[in-house]
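Make a model of the complete structure from these sequences and hints.
Quick note, the sequences are listed as chains B and H, same order. Its first residue numbered 1028, the first sequence is counted upward by one per residue in this note's numbering. Its first residue numbered 0, the second sequence is counted upward by one per residue in this note's numbering.
Keep in mind that the hints were calculated from the coordinates and are not lab data. Hints are not guaranteed to be accurate.
DSS-like mimics (lysine-lysine), calculated; alpha carbons at most 25 angstroms apart, straight line [to be verified]:
no.: 1; chain 1: H; residue 1: Lys52; chain 2: B; residue 2: Lys1190
no.: 2; chain 1: B; residue 1: Lys1180; chain 2: B; residue 2: Lys1262
no.: 3; chain 1: B; residue 1: Lys1190; chain 2: H; residue 2: Lys226
no.: 4; chain 1: B; residue 1: Lys1152; chain 2: H; residue 2: Lys226
no.: 5; chain 1: H; residue 1: Lys226; chain 2: B; residue 2: Lys1147
no.: 6; chain 1: B; residue 1: Lys1147; chain 2: H; residue 2: Lys99
no.: 7; chain 1: H; residue 1: Lys226; chain 2: B; residue 2: Lys1231
no.: 8; chain 1: B; residue 1: Lys1185; chain 2: H; residue 2: Lys134
no.: 9; chain 1: B; residue 1: Lys1152; chain 2: H; residue 2: Lys197
no.: 10; chain 1: B; residue 1: Lys1139; chain 2: B; residue 2: Lys1068
no.: 11; chain 1: B; residue 1: Lys1185; chain 2: H; residue 2: Lys52
The model shown is predicted, which means the values in this text are computed figures rather than measured ones.
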Amino acid sequence: MNSILVFSLCILVSWSPSFAAEKILLTGSSTVAPLIDEIAKQFESQNKNIRIDIQTGGSTRGIIDARRGVSQIGMVSRKLKVNEADLLKFTIALDGIGIILHTDNPVRELSKQQILAIFKGEITKWSEVGGPDQRIIVVNKAQGRSTLELFLKYFKTKSSSIKSHVIIGDNEQGIKTISAHPWSIGYVSIGTAEFNIANGTPIKILDLEGVKASVENVRSGLYPLSRPLNFVTSKQPIGPIKEFIDYARNRKEIIKGQYFVPIN
Amino acid sequence: MFPLIKDKLFLIVSFLISLIAVFIIGSIVFYIFSESYSFYGSQSSVLDLFSFKESWYPLEGEFQFMPLIVASFILGGGATFLLLIFSVPYTLGQNFLLSKRLKKAGDLLISLANAIPSVVYGFWGITLVVPFITKFNFLGTNLLSGIIVLTFMLFPTAVLLITRVIYSWPKDIHQNCISLGLSSETRIFKIYLPLIFKELPTVLLLSFTRAIGETIAVVMVTGNIVKFPTGIFSPVRALTSNIALEMAYATGTHRSALLFSGGLILVIIFSTMIIFKGVGHVLVKKSV
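Given below as structure tokens:
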């Protein structure tokens, strides 16, 4: 029994953080957190004396914590509201999602209302939107995924009113599911979709409100189904905090790896 | 003297290792149940969690586990049933009907198939099985695809286990059969098959618990809709898929609800183990 105690103590001790380090606390959006987690790991390995703690709790918590000084940086996965202008904003990356169909599907265009009606189960056949007489397969994301959140917000609806046939986890699984079902409709991050189209996957991205869904249009802000991923601080960042913000904005590879769009 | 010390040392080491194993399993069980309990406590009515409603909207505070449990059972049960149908005749054929060289090739193939990770079966499922099913039903990701993929995934292990059973028989059993002048049909159906059936509960138990616990292959091919299946072509979501789909982004009550489904899987596996062991003993006793 003693040796087990010693063994578990050893594990505990080896896992506990070193105490000498300077700490940066980030709180807020769970969309931004996984991305920043990756970046922070790299940053910590290059700056041994800085430790970065990340806690989630939604964009609103990010704003409140940064304002009160509870956290050094708040993470916010939306545009700032007018009454939040007291905070300093640093955009880290952009997120955009595209509506995708199989390339065998002759439908070229869908209006915002048509897409919403399809996802709500009011339109169930492609023939109702100018396609062939085939049943529509609605591919939706699992609850908690940020893409679902953005999708719901854009269409001003909620999860329980969407009637889906397949529920998927990550973007790759979505693309596999849609390429296996010629009469399906779904949505994934634009970065992932463009990557797969370039590799010959039989999918296509629909234009939305007349704007072509592309990484460029997400970056320029033209594409409507997109949002910025922001850091907010209450005062002008200095020292390691400023270093980390600059570091995070320039990690293009990690940002792309998480299917977000880097700025410039 | 020396071998005695060696024995003692070995005893101590193996005792310590088993203690550590017990400790680790204990901590997993403790963690899952303590996390599940906090969810259990946060819900106003526990019966509500197991009602026969079909709503799973964690962000809107709706948790219903019954459709997930039913789906897991049908997937596991269906795969185990198909496995029983296919693996027993296959193993008998490979061991008693094929030539020595073919038998060796078959053995090698089965061992190789055992090493394939489940995500590969999932990938195979979504690129081949799902498009094939769409020829019969408009939706390819459903219960049937899940059962097919699981059956193929579990098949090599089941064959290997049954082969072990065959190897464990006394060698003279074959010689006795041959010297009695029994035809190969009589040997297989009257002697070998009953002997295999005696050991089947263990094989089926292992397959069933593996099927219930399988996650990644199932997530990719079953469609993951929280609904009671109405037919073989209904999309379903298993308990394990639920965790894999939502864990990455879950916080608060949502997270503990997912750990609660982890606890449910543990309870299901433990109770099937106990039931199967009991049933197995009764069956063996009867046939002896």
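Going down the list of hints, with the structure as the test:
| no. | hint | in the structure |
| --- | --- | --- |
| 1 | H/Lys52 with B/Lys1190 | 16 angstroms, holds |
| 2 | B/Lys1180 with B/Lys1262 | 30 angstroms, violated |
| 3 | B/Lys1190 with H/Lys226 | 12 angstroms, holds |
| 4 | B/Lys1152 with H/Lys226 | 22 angstroms, holds |
| 5 | H/Lys226 with B/Lys1147 | 17 angstroms, holds |
| 6 | B/Lys1147 with H/Lys99 | 60 angstroms, violated |
| 7 | H/Lys226 with B/Lys1231 | 30 angstroms, violated |
| 8 | B/Lys1185 with H/Lys134 | 33 angstroms, violated |
| 9 | B/Lys1152 with H/Lys197 | 53 angstroms, violated |
| 10 | B/Lys1139 with B/Lys1068 | 40 angstroms, violated |
| 11 | B/Lys1185 with H/Lys52 | 19 angstroms, holds |
Comparing the model with each numbered hint stated earlier shows that hints 2, 6, 7, 8, 9 and 10 do not hold.
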